[in-house]
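With the hints as a guide, dock the two chains, each given alone in a separate frame, to form the complex.
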Amino acid sequence: MKGSTESPEVDMMPGQDLLPAAGSQKVVIEATHGLASLKLGLVWEYRELLYFMVWRDIKVRYKQTFLGILWVLLQPLVSIIVFSVLFGYLLAVPSGDVPYPIFLYSALLPWTYFSTSLTRSTTGVVNSSHLITKVYFPRLVIPISGVLSGFIDFAIAFVILIGLMLVYQINPTPNIVFLPGFILLAMLTALAFGLWLSALNVRFRDVNYMLPFLVQVWMYLTPVVYGSNLIPEPYRFLLALNPMTGVVAGFRWALLGDYLADAAPPDELFPISMAITLVVLISGIVFFRTTERTFADII
Amino acid sequence: MNDIAIRVENLSKLYYIGAKQDQPDNLREWLTGRFRRNKHDARDEALWALKDVSFKVKRGEVVGVIGRNGAGKSTLLKILSRITEPTGGRVEMDGRVGSLLEVGTGFHPELTGRENIFYSGAILGMRRAEIDRRFDEILDFSGVEKFIDTPFKRYSSGMKVRLGFAVAAHLEPEILLIDEVLAVGDATFQRKCLTKMNDISRENRTILFVSHNLAAIKNLCPSSILLEGGAIETEGDSNGVIASYMTLVSPAKDGWNDIPPDINRFGTGILRTEYFTLRNQRGESVDTIESGEDVLFCFGYTSNTTQTLKNVDAGFWVDNEYGETLFAQYSSYMGQKLRVSDVRGEFQCLITDLPLSPGRYLVHPRIHVFGELADGLLQPAGAFQVEFGDFYGTGSKGFFSDNPLVNFMVKGDWGVGNM
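Note that the protein sequences, when read in sequence, are chains A and B.
If you count by our numbering, then the first sequence holds residues 62 to 360, one letter each, in order.
If you count by our numbering, then the second sequence holds residues 339 to 757, one letter each, in order.
Since the hints were made in silico from the structure, they are not lab data.
Predicted model, so just to flag it, every value in this text is computed and none were measured.
One or more of the hints may lead you astray.
[Claimed, not checked] What follows is a set of in silico ranges between Cβ atoms, one per label pair, in the way DEER data are often shown: (1) A:L227 <-> B:R465: 40 to 50 Å; (2) B:R465 <-> A:I360: 20 to 30 Å; (3) A:G102 <-> B:A384: 29 to 39 Å; (4) A:Y123 <-> B:A553: 30 to 40 Å; (5) A:I292 <-> B:S495: 52 to 62 Å; (6) B:A553 <-> A:F127: 21 to 31 Å; (7) B:Y668 <-> A:I360: 40 to 50 Å; (8) A:Q136 <-> B:E475: 38 to 48 Å; (9) A:I119 <-> B:L716: 23 to 33 Å; (10) B:G408 <-> A:I360: 51 to 61 Å; (11) A:G102 <-> B:Q717: 49 to 59 Å; (12) A:I292 <-> B:R465: 17 to 27 Å; (13) A:K124 <-> B:G408: 33 to 43 Å.
We put the CB at the ideal spot given by N, CA and C, even for glycine.
Chain B with its partners taken away, still in its complex shape (with noise of 0.2 Å):
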């Protein structure tokens, strides 16, 4: 058997983006449409959604793909899933395909729970027999046993997504292409999914995962694939491929931030955010800080009124690498109602004895003003880097220090009691 299970060649797609939002719905359009001398007329966008893509996977190895939105990740499942045709190119899978673009796939609102298992497992490729056979199994996992009888449409949306992943883990191909599944459900189930995928990862099934998820990513696939504008970026290690997706989507640089004035935000913008830094305890604009050290978060802003306004809340969120949110901090939080009386100033923000382990960290700032957003960022407005320090005053690293899975400390004081 060869061992290549996924093979991808120069796969290319092509979409006129003029014809697709323009496309004549009707046919008057077409017939004059007709009249014109091509196909695609100059209104017409060619948009090569894939260039020249093409990669190996290997039987049992599970791949991530990562890539910014409309980087090219979901035409490239479609086109694996043969829902759509790739405009040249070649691709070669050897073995059974199940994809799974999204949880309940084919569910009807009027079928009850165990009509849709049998209907869902259908399309998605199932036969009956195999249906039957872990009838009980998928029925299990999805723990709506009481509700099985009952139309789907009933059900709320967490049991939903139960059921819909249910008959998805049960699929049994040899090759799987997921896309974005787990972005639903609450955590537990999440958390579910994430063990479950993992136990089809071990059974030597070869896995392609589409995922935003960056630690999803790091945790189940050893390598990724980075798409950008349709081509492939890089491509190896998981954890190098997720730090070249972090500089291309935060060119945030470490350290002193100016926020550029064509970003993209949202809110009443009565306050903008026009910089951001870390500074050391001397005030100075740092871009790396040891663990433990105190430090002040700082956002420079700008007021587009000479008013002074009265209860503003600033605040900001700290990501890690792998985008996942370790903490927030709102001056609300605090009981602190901030008066902005200055057109331009700083809003600063002591953190004592940073709790975070050594990494790089991207920081997200908003403004509320009244209750009501006055900016916000669709991306983060810098980044800094933590260094090992003396967090526990005792100059002990913990066993974490190279740990990626520690993402921080808290202080502790041990004794021996007696019940």
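Extracted from the complex, chain A is given alone in its bound form (with noise of 0.2 Å):
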């Protein structure tokens, strides 16, 4: 700018640098239109902050806690038994050839899973905004690290599974080396609805609101205590409209599949719901890109 001190010596040595150009990198910053591109490579760039965040999510939720790390046993136990008496006991919903409870967890397992992780990846973005008004890095890596966090707590919660496997003498099938497939499968479509809620929730604090009550009633819309074949065959196309039947039926199959003879491999309704799951994922992606520019104007 005019009437600064003079200009660096850099002028006078040409070639030689007066920072090493290995870190340099040019930012150019213009008003972008339009829907924006995916632009996942920035999610990587940033790959060390997504680790921290989920570590500090991690570190953070138990502390001050009495019982800690038991919490995550504790939660699924306490809704086993209730939901085992409730539907299991009392409405006698069919469980096919297995105990209701492990029918149930098979299930409940990848919910809770899937709702945890939705949750925080919705309200991830508003409880952050002390961040988004103060410092820059790629938004998506909020809803990014609420899907991921959870993960611990899945895998805790999947402790107690395997206990109810050995307690009522089941081995696992060998489907189970499709678990993990349909583990992701609840990730990505957590993140999914998480990337359309939170971006919303910017918007519109009714997310929050709503939040609490979609997913109980999702919960039902689910086959998780009781099973697909309840709903009468005409129907049952309506399952697979919601994604995360493909989640939890598949899982389902995957533990149980040669103890449950209705428990379907994953039929010709599965691909419309991993199709859903991908089309909401990629518009998700772009409807958060595109609104996350005007995220730090009105959090």
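Printed below as a string of structure tokens:
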């Protein structure tokens, strides 16, 4: 700028840089219009931040709690007891050839992972408003970390499943190799909806109020406490419109396939579930990246 | 390598004030809003927080950005830090950019100091290896070693600031954007921060420094930019830019100053300051005074009661042009309780041997009645000039006369003694 001190000596010595060129990068800021591109490489660049966010979430979650990590075990145990008494015993929901508790938990486990991940990624952006207004980083890191940090809880809660399988003497079937695939699908589904909801939440705090209700209703629309065969055949395709049906039914099939005559392997409805997740995910990223431009202004 | 580190061209940012305030926070409002013709209806007032701002900063240059509240300083910094997008224009920055818009960004109360150094460092853009390498240095600078494994929420506010600044000070970007962070912490720590910033600026890094602290700007930044109403008012040598800023913020003239009735003021209003002037020994209103002269600081008042007010405490403080307060003087300091029985009058305070060095000074009056603030102004009531005078009574100027770092003078009596 004008009137400043004399220019640095770099002018006199062409070719000799004052700073190492290695760390140099050019930043260009311009107004962007229309739909944003995915630019997922940016998230990869910030993978260390992603790691630290997940790490912080996990560290903070059980600090200053008396039971600490035990909460991760306590919640599903209580749910198993309540649901088993209510649906398995009193309402006698058919669970095929396996005891109701394990029938329930094989679906409740991925469902719990999904619902907590969805909740965390949805509320994450608004809860990080202090960061969003003060420092730059790809905002996508927030919902992604919300989905990843629930994974530890999932892993711990998985111990209960192993316990139940031992108690009821159920051996894992070979289908279990597909389990990681279904976990990934649950993760992507949570992220897909989390992206839409978290971006909407910045503008409409209604989402905060709607969320617990949504999660509750969604659970009953997903074959968690019941099996999909409880729904009359002509309407069963409606379940496939719910991408979590594919995840939950797939989980059950991968774990209990051989014991459960009617735990059907993923059928022609499964691709529909997957396609819906994919569409919501990609549109969610575009929507999120498009609206994130104004996050700092309206949050 | 290009020798321009920051190039800003026609940068603009438009806010809709209405939209910001009546932001449809719930779905119903938004849905009903859809039926109105425009996205931004008549309620929304367009505000250009920045309009066509262009400037360049050379590599290694330290540039101050000053301006009144709402002039667009923070918006500029937010755009450069990529927190918000511009409405138009373009910015090019050549190098790794780090921004520091507050102290302690990303600190989490539940994490320990140690954990926070890593977490906050990552948020501010440090690599993990970099934090590992500089951890001891950061810890040392912060001076909170003893509490490093204590949860951050148990820290005193001073410790929080120190640790926050320690992390920030060890960022290693080539371009550093800083906002007002020095406005926090105690004086010692502020000095430490300024020293550190001074060191950073010597490392040939490019710094854009937004601050209200004119003294800091003057000391750290050879050149500055003055923003006013979203546009660049002046740019160039910091002393000149600060001078234009001062005429902008305090239109206070030298000499006689009537205080406009619509000025921003607070207090009970039982007494109001009406005007300010300096008077010389002959009682004449003057705008310039010499160092070492006896001078009357006079504040005209009106009372809105016909009752006699006892226990009135009138006072004022004097700032230099860089916003540094040099001294304050209240009648209560002198053990004097004033009685006001007239509806109109003048508070007069005699200062003998005025110890101020040549320069321009601003006067801020205050009136308290029975310990309660009756009148205070949000801006100076007036200004005056001090010229060289025979303060020491010896004709000596001292060597400070044109050294702006010496703010005022004291008399001394010298001798040589033996111990």
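Under the constraints set out in the numbered hints, which ones does this structure not fulfil?
Hints 4, 6, 9, 10 and 12 contradicted; others consistent.
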